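Undergrad: Fit chain P to the given chain V structure using the hints.
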Amino acid sequence: MPNPSMTGQWTDQAVLADTASIAAGELQRAATATDGGRYPLDILGALGRAGAMGVHLDRHGTRFGLAIAAMEASSRACGATGFLMWCQDVCGLYMEQSGNPALIGAALDRHAAGQSFGGTAMSNPMKTFAGIEKMLLRARRVPGGYSVSGALPWVSHIAPGQYCGAVATVLDGNGDRSHDVMFLLRFDGRATLRQCPHFSGMEGTSTWGVQLDEFFVGADDMIADPVQPFVKRIRAAFILLQTGMGLGVAGGSIDAMAGIEDQLGHVNQFLCDRPDELDGEFAELRARVMRLAGSPYDGSTDYLIEVLDARAEVAEFSLRAAQSSLLHHGARGYLTAAAPQRRMREAQFVAIVTPAIKHLRWEIARLSREILPQMDAAA
Amino acid sequence: MIEPTDGRGAWLQFLCRACGLIYDEALGDEDSGLPPGTRFADISDDWVCPLCGVTKADFEPYTPQQRAPAASGTIPAQRGAGIVIVGAGLAGWSTAAAIRALDGSVPITMVTACAGDVYNKPELSVALARGVSPEAMRRETGAAAAERLGIRLRSETVAVSLQPTRHVLRTSRGPLPYTNLVLAQGSRPAVLPGLPADLCWRINNLGAWTGLHRALSSGPRSVAIVGAGMVGCELAEDLARAGHRVTLLSATARPLQPLLPTPAAQRLAGNLATLGIEFRANTVVTDVVRIAPDALELRTADGATLAVGVVVSAVGLVTEDRMVRSAGLDFRHGIVVDPTTLRTSAADVYALGDCASIGGVACRFIEPIARQAEAIAHDLLGRTHAGYVHAAPVIRLKTKSTPLVIHGIPTPNGDWRTLEDTAERLRMEQWDGNVLQARLAA
Chain V
1 MPNPSMTGQW TDQAVLADTA SIAAGELQRA ATATDGGRYP LDILGALGRA GAMGVHLDRH
61 GTRFGLAIAA MEASSRACGA TGFLMWCQDV CGLYMEQSGN PALIGAALDR HAAGQSFGGT
121 AMSNPMKTFA GIEKMLLRAR RVPGGYSVSG ALPWVSHIAP GQYCGAVATV LDGNGDRSHD
181 VMFLLRFDGR ATLRQCPHFS GMEGTSTWGV QLDEFFVGAD DMIADPVQPF VKRIRAAFIL
241 LQTGMGLGVA GGSIDAMAGI EDQLGHVNQF LCDRPDELDG EFAELRARVM RLAGSPYDGS
301 TDYLIEVLDA RAEVAEFSLR AAQSSLLHHG ARGYLTAAAP QRRMREAQFV AIVTPAIKHL
361 RWEIARLSRE ILPQMDAAA
Chain P
1001 MIEPTDGRGA WLQFLCRACG LIYDEALGDE DSGLPPGTRF ADISDDWVCP LCGVTKADFE
1061 PYTPQQRAPA ASGTIPAQRG AGIVIVGAGL AGWSTAAAIR ALDGSVPITM VTACAGDVYN
1121 KPELSVALAR GVSPEAMRRE TGAAAAERLG IRLRSETVAV SLQPTRHVLR TSRGPLPYTN
1181 LVLAQGSRPA VLPGLPADLC WRINNLGAWT GLHRALSSGP RSVAIVGAGM VGCELAEDLA
1241 RAGHRVTLLS ATARPLQPLL PTPAAQRLAG NLATLGIEFR ANTVVTDVVR IAPDALELRT
1301 ADGATLAVGV VVSAVGLVTE DRMVRSAGLD FRHGIVVDPT TLRTSAADVY ALGDCASIGG
1361 VACRFIEPIA RQAEAIAHDL LGRTHAGYVH AAPVIRLKTK STPLVIHGIP TPNGDWRTLE
1421 DTAERLRMEQ WDGNVLQARL AA
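So the sequences go chain by chain: V and P.
In terms of the numbering used here, the first sequence opens at residue 1 and continues consecutively.
In terms of the numbering used here, the second sequence opens at residue 1001 and continues consecutively.
Next comes chain V alone, as it looks inside the complex:
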């Protein structure tokens, strides 16, 4: 297979233009079906060819601003597809940052170009690292790697033949926690995929419950061992990329409000959060995100707090914009298949997907706390 690494063709301009064209065409047409349950792998393939899910990688210039802009352009048409792009983006990030030769060669080239697909099972680990939950997957050392068991309730952008990044706590011989490891979990038939309960929207994200029972992970699939330094390095980038979804949902909402002005402007003038007001706020917020996108691997706590806050602001803003867009459209926006109605659910998703608004604020508070000696150790 020819190397699909296409930095030369994936110029900023070409990626944005091709993504916008896909968004305005097939993506827009498929949005209702995607919301209802159709998994848009074909469209993701097209977005991959366009470079929309590869340009944040170091091998393609670490262009986070461009990756966010592409995700935003898609999410204007369909938030669920924007979310799938984020899943694909961060999975690519895990593979590249792992430095594992088995993950950074042709496998990553295919992934970056949307020729193979994989997501992320990091919701539980991220919350565990923040002190909110306990780790669900447990591993023990076996010859040549680890044996992993446990269950994850909902993992998106996975399917037979696909993969995702996952974390397990390694237990020593006494059953005590030793450390955490991160690996590429391959859905090659050994893991059980369980149907999830019905969600209120974004059903086409191929989200499954995952059950592992003595699942062997070898050296070729190891992403990080131990995981903590790795997660510390990628954490801000992981969170920052999500802003593309929220910006797109908000931007799509504002566009839709402006689009109906000719018909309903005479009554819509009495609403709060009018499109021109929101537009100014949107531009300021987008500029904030783009500034942060210039240094995704700045490892400082100050930078991470800025990213967490920008991500929270994007979520809060997309909720407001989607709500206002629905009010601007009235009954026609309240139809089940109407875009304003769909964007309400998409904005709610942006607000609750890990890290949710409350997790972001929890983490900001945690990172801001003064560190002092432990009383018990000092006494």
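Hints listed in this document are in silico derivations from the structure and should not be mistaken for laboratory results.
Here are the simulated distance ranges between beta carbons: (1) P/1304 with V/229: 28 to 34 Å; (2) P/1047 with V/61: 50 to 56 Å; (3) P/1042 with V/229: 40 to 46 Å; (4) V/370 with P/1009: 40 to 46 Å.
Keep in mind that this is a model prediction, so the values were computed, not measured.
Note that the Cβ used here is the ideal one computed from N, Cα and C, for glycine as well.
TA: Here is chain P on its own, set in the frame of chain V:
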């Protein structure tokens, strides 16, 4: 609800670690065919969570968590955006009181990362010898002070970012719109790489002091104080008077240099030595490590080590700059303010106290704060006021062995002249050419 009759105690609850569903033995789970009163232990191992499908092994015993403490004791109904004050130290409370004195109804919200309790910060460096308890240090709880002044207190809340054009302060409990914002966030102790935050105490607020108080409550301990500035010297004397064995490590040859001229520094050093304080001059601490559950070891640049029970770092103060810099406010060793109005470079945003800087110099003294608060209260309410007049504050060192007062600000190149140097008294003046810069009395 049925009562347990199986002799196995009260009904228990079990939490699905994956999705948070709670299996309640009293209720059972009809969907899985488990009647009310089915003990979790009696459920077959292939049972799965009725919500997310993970296995029985992914459940754990559930006891409801304690509720988070309320973010505030007093939340009067919101009455418009109003004035927002960031920080509940002396500067924050002084501003709230000054505004209230002029206007009984304008809405005021105070945002603070701590509980907002009112205490007198200078006492922190002299309270151990006096045997003051943390409870006695607290003059009033934040909630009581908020109620007294009729303000809304958002305690345990971090000010995260500032959007001056939109007049919004973003906090860890959501965004807050403001008509006027007063930054009174103080300064914080510098943390040097060789003095890890989790091993070395830094005393700049009541919470940290309470921790140190507890660490020293079990009896006399050996304490290393790193840094012989004002805070380091005051704490050294306070701890020594409280019965602890104190070593004061200084990067300079004598304490409080370069502020003090040599005769004054020598006098101070001599008096500290009389109290049993060992002064280690020209010593740079490069690392602190724990060597036993109750012992730390300091390592210094000259290769020496020192084992102690407690380490206090007093190496200076810095102003938190992330929020104001990312909001685009002018910042020079502090938030740049107009010396008369205390307005910052952003519209309707003021700053005072330790976080503000005038003429490029941060002003970390108590005395100006009340006058600054007065000036801000008048300016933001549109009342006539002559404005704040900045003057060099009087520096008083609270070392009982060597009570030391400096009027004026000594310059690095000035010429110190001794007017009187007896066992009882030292008087000096610093001249820079024909200009009297400072007067010192000890």
